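> The task is simple: from the sequences and hints, build the whole structure.
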Amino acid sequence: MNLFGLTFRHGVHPPDSKELTEHIPIRRMPFMRRIALPLRQHAGKPARCLVKKGDRVERGDKIAEADGFVSVPIHASAAGTVADIDWWPHPDGSMAETVIIDVDPHSPQIPRPRMVPKWEGLSADEVRKAVQEAGLVGLGGAAFPTHVKLSPPADLPIDWLLVNGAECEPYLTTDHRVMAEHPDRVHFGIRIMMQCLGVKRAVIGVERNKPDAIAALQETIPEDLDVTVQPLVVKYPQGAEKMLIQVVTGKEVPSGKLPMHVGAVVQNVGSIATIAEIFETGQPLIERVVTVTGKGVGRPSNLIVPVGTLLSDVLDYCGGLTDDAAEIVFGGPMMGTSQPDMRTPIIKGTTGIVVLTRDQVKPKVTYPCIKCGHCLDACPVFLNPSQLGILAQAGRYDEMESLHLGDCMICGSCSYVCPSNIPLSQMFALSKNALRKRKTTKVA
Amino acid sequence: MDRPRFELTASPHIKGPDSTPRIMWSVVGSLVPVVVAASWYFGVSALLVITVATLGAVGTERVLGPGGTLRDGSAAITGLLLGLTLPAGIPLWMALLGGIIAIGLGKMVFGGLGQNVFNPALIGRAFLQAAFPEGLTTWPPAPERWFQLAGDNFALPFMSPDLEPFVTGATPLGQMKFEGIGTAPLDLFLGATGGSLGETAAVAILLGGAYLALKKYLDWRIPVSIFATVALLSQTVHWISPEYPGAVFMLFSGGLMLGAVYMATDMVTSPTTPKGAWLYGLGIGALVVLIRLWGGLPEGVMYAILLMNAMVPFINRATQPRVFGTGRGVAAP
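Here the protein sequences come in this chain order: V and Z.
Mapping of the first sequence onto the numbering used here: residues 11 to 454, in sequence order.
Mapping of the second sequence onto the numbering used here: residues 180 to 512, in sequence order.
Hints listed in this document are in silico derivations from the structure and should not be mistaken for laboratory results.
Since the model is a prediction, treat every value here as computed from it, not as a measurement.
Where hints are given, some of them may not hold.
[Said to hold, decoys possible] Below, in silico cross-link-like pairs of lysine to aspartate or glutamate (DMTMM-like), each with a Cα-Cα straight-line distance of 20 Å or less:
#1 V:Lys305 <-> Z:Glu186
#2 Z:Lys395 <-> Z:Asp197
#3 V:Lys372 <-> Z:Asp197
#4 V:Lys210 <-> V:Glu233
#5 V:Lys374 <-> Z:Glu186
#6 V:Lys62 <-> V:Asp26
#7 V:Lys442 <-> V:Glu411
#8 V:Lys305 <-> V:Asp326
#9 V:Lys72 <-> V:Asp114
#10 V:Lys63 <-> V:Asp26
#11 V:Lys305 <-> V:Asp26
#12 V:Lys442 <-> V:Asp417
#13 V:Lys372 <-> Z:Glu186
#14 V:Lys374 <-> Z:Glu323
#15 V:Lys261 <-> V:Asp417
[Unchecked claim] Label pairs and their computed distance ranges (CB to CB):
#16 Z:Leu187 <-> V:Glu107: 21 to 31 Å
#17 Z:Trp399 <-> V:Thr238: 35 to 45 Å
#18 Z:Trp399 <-> V:Arg368: 34 to 44 Å
#19 V:Asp234 <-> Z:Arg501: 50 to 60 Å
#20 Z:Thr505 <-> V:Glu75: 53 to 63 Å
#21 Z:Arg201 <-> V:Arg309: 16 to 26 Å
#22 Z:Ala309 <-> V:Arg368: 32 to 42 Å
#23 V:Gly405 <-> Z:Thr505: 18 to 28 Å
Even glycine gets a Cβ: it sits at the ideal position worked out from N, Cα and C.
Structure below.
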């Protein structure tokens, strides 16, 4: 173990701004009058709705089922009545088919007993089934179904379980608090995953700005597990899968391949604690830890929020907005999404709500590219954003593809450093979409 | 809770502190000591020449550029740098014309900021050198009093400047090339020699450059690569045949300091890749030594930089970084 912390080359150093919430214990938020549960909360196919308007649901009831392998069910996060099934603002900025539930104010909100079986004695397949049935997805933002990660193809041996506790996005402290408050849960989750994957060693990567979390995890490592806690240098995007794998194992994931091709599975630490939690409590994934923070919010907090709780309710609960609040971001400020609508619900992949003030909003004026090369020094995958940007503006997507646009993670480092304020990562996201669209139409 | 409207921006929603105007104005700021040093040695003429060259550049940007581009500071840098490459005694109308050409032909014809291939200040100087070789190579010695003009600064356009009353001094490089006389290293370092305005104060230039390099507003690899190449090449030649000057003289004489620190590092016209920066510096250093030792001119920094400017697109293409997960460095699957 390297005490000074490991890191990758390039990257950027935005102020981590975590002091607002890093020492605030996680509290539980009460149930509000209404929740909205989009059927699309995970990567893969949206869930298929099982309820209709007027149905009574209890807390933890399945309201939508998985549609295929890369899909998970969705559960009611509060007891109540289905008020409507309609289009509703989704955190990604679009409208999505959503089950709207009027929460029953008289219900004690006690879930049905044990919907997830006990872990002891389950086979790997039974664990995967239980994890899918519980609606588990990665809680780090991308919301990739956990059971798919637990099912690598048989011909790819997995040597490493990498637990991602880097939490390199500024402001966010959900993983930090979970690691500091529930290290046992993290280790239990690691045990379940290691057994399911058949791996012998696990490494927890944590950025050095969370010394209490590192200490808590280190003190509680079970004696029979080969688990290491690896401090990492504070740098963005330290928590990107490819960066973490390279830092810990020394291997680069080949362009266009997945972590499993170098024998690694990476899982976010909050998701791992949640795996432990569902087997402990028997409840499916119906709530998650959310950091509500930023200079624009009255009382920054780390909250357990029922999935589907509306943005306006969360903000009200956290002391409302300040007068100079100007932008509300779901997720971290580097990769998150601006929210225009206060009715937008918290979903499984929502790591945080960051409220930026007027003086923090990006300047809107842009200058021509002065070829300063700062973006080349920032790009963690060694692309040439300056040149890609010029090609993007000209719509020369094929050339961009041959310059490895496909390896761009849209991490935003290039845009962050660009002195001319050119929206590089936005242009790359659009170019990727254009290429994808072109490919699908060619096939058809 | 109700608010009329929230900002909607694409990620990332926060922005680093650097901005293009901030970079450009920092460069301008770091040039102030150089300008002060120049006026210390050359008197009021230095300030006049630099001011007029800057006015020419800024005025041209104002007329030919899209509105508001003066605020980004890049035209001011071009003008200042051009002024610093001129001798103190040059007629002011030439300095003005140089500024106009620098921005007009060096930058605007390419499409303005970020688009030009060659360093605009050097384009301005190259034009002046081709058009008025006499005005550009008349090096007055430092005047006795600060307010004394160093040359016929107020000569009328297209009239031959009246150089009679002004004794023409020699530059260290000229003395070395044509007469074989060396100059004391300390005089070179502190700038107490003849030459163009910004050629003489190595200390001020190095300090400004160090500040910019620390702020990452210039790529330190470029001057380091140029200095290393010039030092190695010239010292080798000096060992083989001692009539040629050694490394110290080559580094601190002529326009090498100003060129390597401020001209070659112009972001727009230098490579964007780290490897490219090394190569580009190597090319400039080698050309400087070649021109100075065996070329027809005593000084070659300007042409060395302009020639390598032309090579930048090729250098960039040849030195693209290895993309993560490709080529060597990737474990066998």
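> State for each hint whether it applies.
Structure-based check of each hint:
Taken as a hint, the Lys305 of chain V and Glu186 of chain Z pair is honoured in the structure, with Cα atoms around 15 Å apart against an allowance of 20 Å. In summary, the hint linking Lys395 of chain Z to Asp197 of chain Z is supported, as the alpha carbons are separated by about 10 Å, within the 20 Å threshold. Distance check on the hinted pair: Lys372 of chain V and Asp197 of chain Z sit about 12 Å apart at the alpha-carbon level, within 20 Å; holds. Between Lys210 of chain V and Glu233 of chain V the CA atoms are separated by roughly 13 Å; this keeps the pair inside 20 Å, and the hint holds.
Of the supplied pair hints, the one linking Lys374 of chain V and Glu186 of chain Z holds, its CA atoms being roughly 11 Å apart against a limit of 20 Å. Taking the CA atoms of Lys62 of chain V and Asp26 of chain V, the gap is near 44 Å; set against the 20 Å cutoff, the hint is violated. Distance check on the hinted pair: Lys442 of chain V and Glu411 of chain V sit about 9 Å apart at the alpha-carbon level, within 20 Å; holds. A distance of roughly 15 Å separates the Cα atoms of Lys305 of chain V and Asp326 of chain V; the hinted pair therefore holds under the 20 Å criterion.
Restraint check for Lys72 of chain V and Asp114 of chain V: satisfied, since their Cα atoms lie roughly 17 Å apart, inside the 20 Å limit. Of the pairs offered as hints, the one joining Lys63 of chain V and Asp26 of chain V is violated, with about 44 Å between alpha carbons and a cut-off of 20 Å exceeded. Distance hint between Lys305 of chain V and Asp26 of chain V is fulfilled; the C-alpha atoms sit about 13 Å from each other, no more than 20 Å. With a C-alpha separation of about 10 Å, the suggested pairing of Lys442 of chain V with Asp417 of chain V holds against the 20 Å cut-off.
Only pairs whose Cα atoms come within 20 Å are accepted, and Lys372 of chain V paired with Glu186 of chain Z is accepted, the gap being roughly 10 Å. At most 20 Å may separate the alpha-carbon atoms for a hinted pair to count; Lys374 of chain V and Glu323 of chain Z exceed this at roughly 53 Å. Between Lys261 of chain V and Asp417 of chain V the CA atoms are separated by roughly 16 Å; this keeps the pair inside 20 Å, and the hint holds. About 23 Å separates the C-beta atoms of Leu187 of chain Z and Glu107 of chain V, a value consistent with the hinted range of 21 to 31 Å.
Here the CB-CB span from Trp399 of chain Z to Thr238 of chain V is close to 37 Å, well matched to the stated 35 to 45 Å. The hinted window of 34 to 44 Å between Trp399 of chain Z and Arg368 of chain V holds, with their beta carbons roughly 37 Å apart. In this structure the hint that Asp234 of chain V and Arg501 of chain Z lie 50 to 60 Å apart at CB is violated, the actual value being about 42 Å. Restraint check, Thr505 of chain Z to Glu75 of chain V: a C-beta distance of roughly 41 Å breaks the suggested window 53 to 63 Å.
Range check, Arg201 of chain Z to Arg309 of chain V: Cβ separation about 35 Å, and the 16 to 26 Å hint is violated. Range check, Ala309 of chain Z to Arg368 of chain V: Cβ separation about 53 Å, and the 32 to 42 Å hint is violated. The given range of 18 to 28 Å is respected by Gly405 of chain V and Thr505 of chain Z, whose C-beta atoms sit roughly 25 Å from each other.
When held up to the earlier numbered hints, the structure conflicts with 6, 10, 14, 19, 20, 21 and 22 and fits the remainder.
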